[in-house]
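Chain D: place on chain W using the hints.
Protein chains: 2
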Amino acid sequence: MSEITRVALDAMGGDNAPSEIIKGAIDAVGREKNLKVFLVGQEEAIQKELQNTTYPKDQIEIIHASEVIETAEPPVNAIRRKKDSSIVVSMNMVKKGEADAVVSAGSTGAVLVGGQVLVGRIKGVERPPLAPLLPTKTGVSLLIDCGANVDARPSHLVQFAKMGSIYMEHVMGIRNPKVAIVNIGAEEEKGNALVKSTFPLLKECKDINFIGSIEAREIPHGMADVIVCEAFVGNVILKLYEGVGAVLVSKIKDSMMTTLKTKIGALLVKPALKKTLKSFDASEYGGAPLLGLRGLVVKTHGSSKAKEISNSIIQCITFKNQGINEKISECIQKKEENLED
Amino acid sequence: MSEITRVALDAMGGDNAPSEIIKGAIDAVGREKNLKVFLVGQEEAIQKELQNTTYPKDQIEIIHASEVIETAEPPVNAIRRKKDSSIVVSMNMVKKGEADAVVSAGSTGAVLVGGQVLVGRIKGVERPPLAPLLPTKTGVSLLIDCGANVDARPSHLVQFAKMGSIYMEHVMGIRNPKVAIVNIGAEEEKGNALVKSTFPLLKECKDINFIGSIEAREIPHGMADVIVCEAFVGNVILKLYEGVGAVLVSKIKDSMMTTLKTKIGALLVKPALKKTLKSFDASEYGGAPLLGLRGLVVKTHGSSKAKEISNSIIQCITFKNQGINEKISECIQKKEENLED
Numbered sequence: 002m003s004e005i006t007r008v009a010l011d012a013m014g015g016d017n018a019p020s021e022i023i024k025g026a027i028d029a030v031g032r033e034k035n036l037k038v039f040l041v042g043q044e045e046a047i048q049k050e051l052q053n054t055t056y057p058k059d060q061i062e063i064i065h066a067s068e069v070i071e072t073a074e075p076p077v078n079a080i081r082r083k084k085d086s087s088i089v090v091s092m093n094m095v096k097k098g099e100a101d102a103v104v105s106a107g108s109t110g111a112v113l114v115g116g117q118v119l120v121g122r123i124k125g126v127e128r129p130p131l132a133p134l135l136p137t138k139t140g141v142s143l144l145i146d147c148g149a150n151v152d153a154r155p156s157h158l159v160q161f162a163k164m165g166s167i168y169m170e171h172v173m174g175i176r177n178p179k180v181a182i183v184n185i186g187a188e189e190e191k192g193n194a195l196v197k198s199t200f201p202l203l204k205e206c207k208d209i210n211f212i213g214s215i216e217a218r219e220i221p222h223g224m225a226d227v228i229v230c231e232a233f234v235g236n237v238i239l240k241l242y243e244g245v246g247a248v249l250v251s252k253i254k255d256s257m258m259t260t261l262k263t264k265i266g267a268l269l270v271k272p273a274l275k276k277t278l279k280s281f282d283a284s285e286y287g288g289a290p291l292l293g294l295r296g297l298v299v300k301t302h303g304s305s306k307a308k309e310i311s312n313s314i315i316q317c318i319t320f321k322n323q324g325i326n327e328k329i330s331e332c333i334q335k336k337e338e339n340l341e342d
Numbered sequence: 002m003s004e005i006t007r008v009a010l011d012a013m014g015g016d017n018a019p020s021e022i023i024k025g026a027i028d029a030v031g032r033e034k035n036l037k038v039f040l041v042g043q044e045e046a047i048q049k050e051l052q053n054t055t056y057p058k059d060q061i062e063i064i065h066a067s068e069v070i071e072t073a074e075p076p077v078n079a080i081r082r083k084k085d086s087s088i089v090v091s092m093n094m095v096k097k098g099e100a101d102a103v104v105s106a107g108s109t110g111a112v113l114v115g116g117q118v119l120v121g122r123i124k125g126v127e128r129p130p131l132a133p134l135l136p137t138k139t140g141v142s143l144l145i146d147c148g149a150n151v152d153a154r155p156s157h158l159v160q161f162a163k164m165g166s167i168y169m170e171h172v173m174g175i176r177n178p179k180v181a182i183v184n185i186g187a188e189e190e191k192g193n194a195l196v197k198s199t200f201p202l203l204k205e206c207k208d209i210n211f212i213g214s215i216e217a218r219e220i221p222h223g224m225a226d227v228i229v230c231e232a233f234v235g236n237v238i239l240k241l242y243e244g245v246g247a248v249l250v251s252k253i254k255d256s257m258m259t260t261l262k263t264k265i266g267a268l269l270v271k272p273a274l275k276k277t278l279k280s281f282d283a284s285e286y287g288g289a290p291l292l293g294l295r296g297l298v299v300k301t302h303g304s305s306k307a308k309e310i311s312n313s314i315i316q317c318i319t320f321k322n323q324g325i326n327e328k329i330s331e332c333i334q335k336k337e338e339n340l341e342d
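Residue numbers (my numbering), protein chains in the order written: chain W, 2 to 342; chain D, 2 to 342.
These are calculated hints, taken from the structure and not from any lab test. Check before you lean on any hint, since a few could be wrong.
Pairs involving identical chains hold if they fit within one copy or between any two copies, as the list cannot separate such chains.
[To be verified] Under the rule of at most 27 Å between Cα atoms (straight-line distance), these lysine-lysine pairs were calculated in the DSS-like manner: (1) Lys138 - Lys279; (2) Lys262 - Lys138; (3) Lys240 - Lys275; (4) Lys321 - Lys308; (5) Lys204 - Lys335; (6) Lys179 - Lys252; (7) Lys275 - Lys262; (8) Lys264 - Lys254.
Given the structure is predicted, the values throughout are model-derived calculations rather than measurements.
Next comes chain W alone, as it looks inside the complex (with noise of 0.2 Å):
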């Protein structure tokens, strides 16, 4: 239980690095013990940050990598030809067993390029989902796959919903996760081609607790824990969810400025406010895990700062000590063996 979690830091990763990240390290490892971090990246940025400031020295420790993979460079690309990358280096420390876990705010195509490519898939993971927590009325809800590949077929989605399932259990501490599957109506026999056929395949899954299907409007509601859908449906609803939050938001403060009644009444809202909007706000919950690959590849917001990057770090121990990746394994596995009965 207390072995020792290693973690690879993409300290080059996400628009406030290096600073942010590593102030994510220093205080993810003031939180625990059993805990290393390599912040991966170029030596001197990060000597740089490091100075005047204390830590254990040894749960702190630097990798150098002289590359950075900037956002806009065709990932595939970045992967195959910045070989001293942080994000490269970070996953190879990975592949080489040298580390448990990457952490990267850095760019989203490569990370998921470099987690397939590098890392690798566990035995028998057709395809490793990207599954971001999402804030709803009532928790949060991991929302399985937002990744880059699209067109999936339907034993994707099946791998999908056992997969987060599992992680919803064991890492989020959520007992028989509720799995529905995203539709444009409740009843079986809607949706598109997809759908389906993923439907009846899901209903026969004895490992998850299928509840059938889930319309948008309930997502932010709260009425699944693990909603399975095809990366692209995926990437929209994430996107939009941040979109129309951010807008009705910022609509909300513009009329609070109206007038002077409206600016006194908003000095007397605004702390209970801050609070309910921070709720609401997914960045308070950590990273996305890039599910079923030999390790664990956490992306984190972009514009990340170092809360979410030490609660993407703390994450990481949870996923270890619970052994996900051989519970995940082991699910896969025994599917493969009753396709083969």
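Chain D alone, transformed into the frame defined by chain W:
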């Protein structure tokens, strides 16, 4: 220009029928002289509502229809069997040229099926899309398609773009409306198979102002006037929009009721806040047109009150006076000719 627009109003459809529907009709004829509304439904129930109200008798007429299609009924069966339902009778009035448009807050499925089967498509239109208006930071955008027919082809999406563009320009008065396709990244090479095949076709279209891909995050910011997608994605966007808005607003309201201080603050900001939230409420903008039919069919929210019904009826007048169907027909035919070249 001042020809009379004749609207067959489904008096029995929606959660608030017939009371709010009939109030909406009375409001509309009060606003517009060149308008005739047929209240289609059970005569006795309609008469009861009309008692003790005053309205111009020459502008409102009851058309008896003995049956009502319930929301839960399978649409195809309902349309086929309930020949004397308010929806079927309304649609047939348009088919026979006795009305120009149908407005219904009833079963979405039945309205979509009825529109296609009874009213019929404009020659050359492959699939009639349902196109609701979404509130944005800067105004409204047309989301096309949110209908019931999923798994669209690229040629469908191209027609959606053209019809949506005509609607936004001539009904909503937006000059040279910006058309975008929903995608998971800005680059042309991104997307699923459907989007990748559709993108170059839209780029070639000379009669629309195609601005490229739009990520879901940008939709609420009002980055495009016409947002093209296939119906599964459209349904997800429309319903998530409603869901995130509703949950966020309810959380904000709750947060303002936590202490005496916040309650006083809430009183001060309430009127401004209410106005803001109203501007983000889709029902303010009338119903969603089902485009590409030989006539106009407008589907309003099931929860429609008098104001949305009234706005939807007024929408039909602009639609007719602007010759939208003639413009759609011309635009689609032109494409057909081009293809034959």
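Against the structure, the hints come out as follows:
1. In this homomeric assembly, Lys138 and Lys279 come within 27 Å of each other (Cα to Cα) both inside a single copy, at 12 Å, and across copies, at 21 Å.
2. In this assembly of identical chains, Lys262 and Lys138 lie within 27 Å of each other by CA distance solely across copies; the values are 24 Å between and 30 Å within a copy.
3. Taking the shortest alpha-carbon separations for Lys240 and Lys275, both the intra-copy value of 21 Å and the inter-copy value of 26 Å come in at or below 27 Å.
4. Taking identical chains as interchangeable, the C-alpha atoms of Lys321 and Lys308 lie at most 27 Å apart only when both belong to the same chain, with a minimum of 20 Å there against 57 Å between chains.
5. Proximity of Lys204 and Lys335 under a CA criterion of 27 Å is satisfied intra-copy only: 17 Å inside one chain copy versus 48 Å between copies.
6. For the identical chains of this complex, Lys179 and Lys252 are inter-copy neighbours only, at 23 Å across copies versus 34 Å inside a copy, given an alpha-carbon limit of 27 Å.
7. For the identical chains of this complex, Lys275 and Lys262 are neighbours both inside a copy (19 Å) and across copies (15 Å), given an alpha-carbon limit of 27 Å.
8. In this assembly of identical chains, Lys264 and Lys254 lie within 27 Å of each other by CA distance both inside one copy and across copies; the values are 10 Å within and 17 Å between.
The earlier numbered hints are all upheld by this structure, with none contradicted.
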